[in-house]
Amino acid sequence: MPELTPTLRTLSCLRKGECAFITGIHAPDSTRSRLQAMGLRTGREAEVIRCPRIGPMQIRVGNIHLIMRRCDAARVSISS
Amino acid sequence: MPNTGKSTFFNRLTGSSSRVGNWPGVTVDLLSARVVLGGQAVEVVDLPGIYDLHGFSDDEQIVRRFLENIQLDLIAVILNATQLDHQLPMALQFCQLGMKPVILINMIDEADQLGIRIDVETLARDVRCPVVLLSARHGTGMNEVRAALTTGIQNSTPVSLDRLRSTLHADDQLVEHAEALVKKSVIAPSRLVRKMTERIDRVLLHPWLGLPLFLLAMFLVFQAVYTLGAPIQDAVAWLLDGFRSWALVPLKGILPATLYGFLVEGLYDGIGTVASFVPVIILFFFFMAMVEDSGYLARAAFLTDALMARLGLDGRGFVMLLMGFGCNVPALMGTRVMRSRSLRLLSMLVIPFSLCSARLQVFIFIATAMFTPQQAPLILFFLYLVSFAAAFLTALIFGRRLKSDEPFVLELPPYRLPVARQVLMRGWHEVHHFLRRASTFIITGVVLVWLLTHYPNASTPGGAGTYASMLGQWLNPVLQPIGISPDMSIVLLFGFVAKEIVIGAMVAMTGLGGSALTGYLHTQMDSVQAISFMLFVLLYTPCLSTLATQRSESRSWKFAGYSTAWSLFLAWTVSYGFYQGGRLLGY
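Residue numbers (numbering that gives the first Met the number 0), protein chains in the order written: chain A, 0 to 79; chain B, 0 to 586.
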């Protein structure tokens, strides 16, 4: 029976001021390792501080604020 | 770790006795210094800041290589007191390897302000390592740090390097363990609010105002550097000139003519012209250090990343490019903040096209000599545009080959007031490093140019009968199609050493100055040739100092070579297109 893959909600879907819990990082090893080291770990809460129409996003995870490109943010899946 | 005040701490601990050196098995130079701890002389090495010992970035690999190859007596890990939950795992990674690190929790002053309290005894007991709280910025806790380091060294049991190599594997369990420890010993408000930083960012990162404010800030930095730098430059030039007339000219009768010419007119004058630019370079280093330390660099990267991403660069690359408009050298050294080597190389390929202040000097002279006061500013503006275009074109073309796999994730730190002492020390250190590297290049270049313009027969420097003029004739087939006369070709040779020398070279070659020199220029070129010449000077090669820095920062002669080859090619093509096009249009 074919498996249906539901479309994942990712960080890049969030708008300014929205929060969500991180459920996973979908990226090759080196990228995942880097994102995790910057604080993006499963179970942590992420809040979008800034989200301009073009350019990177500003995201708060814990006490650390990060600048992330949308394409990289799209690798971090979240729960609603 | 990055952003933990590691360099501040290192400077506190070691004073200014640090030097940069090479270590076996490690591909980059590391900063180290000798300190006396507990009566013993100890060598302290500053390893790159990393987030994860088992990570994949260049810095993390460097640290691992270092650990695998050098038998250490002690590891000290420096963490940020306000981010212990994020950072403690890394320190625990050393415990896992069997090394007993001394954990130094820095920025305790900031933690206090935010209401964070740390139970050092419980934490130290749980991790089974010494833990010390300190503020490197204010110097508090340094005595306890020294004591902990001394004890750590005395009680050290060296870890077998082979065991290390086999144990360096990733470990996610550490994170949960660390989180539990922190929960037990660290009391912090549930969410830290960075009020001041947020307020400032509302303005500086404003969707409309942000970018213009950034450009304004850059403009002000340039203004400041020139306002401060110009009098210092004049003073240095005055000193060098004074020494020359007082101590060196009298030697004219005593030394044989050739030796005098070589030492004074060749070596001293040549190096002197380059040296008089060092104050400006130093100031740019300081401002770069301030932009980085204050946290503004991250904001600039945020604002400019959208454009830069299209070119395969990132926001920080743009700031470096702008810095390059002052002087390429500090901008090239500034690329160290980039962890990905390919990104760094791409940035270093692009920065030399920035229209630096030395080149500006040459252009102002030629533009005012050859064009009307209405035309000259337009010509200069055109040259700036070409500079940007060349940079972006280079990024587009080479971006594909030098693709970076690393995600662009940067920390946006709270704003910090740069500590004057730290900025000065760091700036001074970078300048010292650069001078040491570049001086061999510069001296060689100066000597070479002098030899070429005085042998075998010299009536005037670079005149008929010298190798330089022969070179000029030999290059004529290549340079004539872009409108550059043989005499001007020799000037280009000087320009290779340093653009600042170009005007001085013309003076030396012709024996003319001021308005007479302007007249001379008119005999060498017309308007179209003038612009073609300036385009060539803008693009063909940066100065020797920049080349030296490119080589030392990339650790590759091949890279510096490629960069030079590309620059020459682009310069010739652009000049050719402009010159021939201009002639075709009837100018």
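These are computed hints drawn from the structure, not numbers from a lab.
Every residue, glycine too, gets a C-beta built ideally from N, C-alpha and C.
Errors might be hidden in some of the hints.
Here are the simulated SDA-like cross-link-like pairs (lysine to any residue), alpha carbons at most 20 Å apart as the crow flies [unchecked claim]:
1) Lys182(B) x Lys15(A)
2) Lys15(A) x Phe261(B)
3) Lys402(B) x Leu203(B)
4) Lys99(B) x Thr149(B)
If you want the footprint, here are the derived chain A segments under chain B, 3+ residues with CB under 8 Å [what the hints assert, rightly or not]:
5) 13 to 19
6) 58 to 72
(request) Report the numbers of all earlier hints that the structure fails to satisfy, in ascending order. (result) 1, 2, 3, 5
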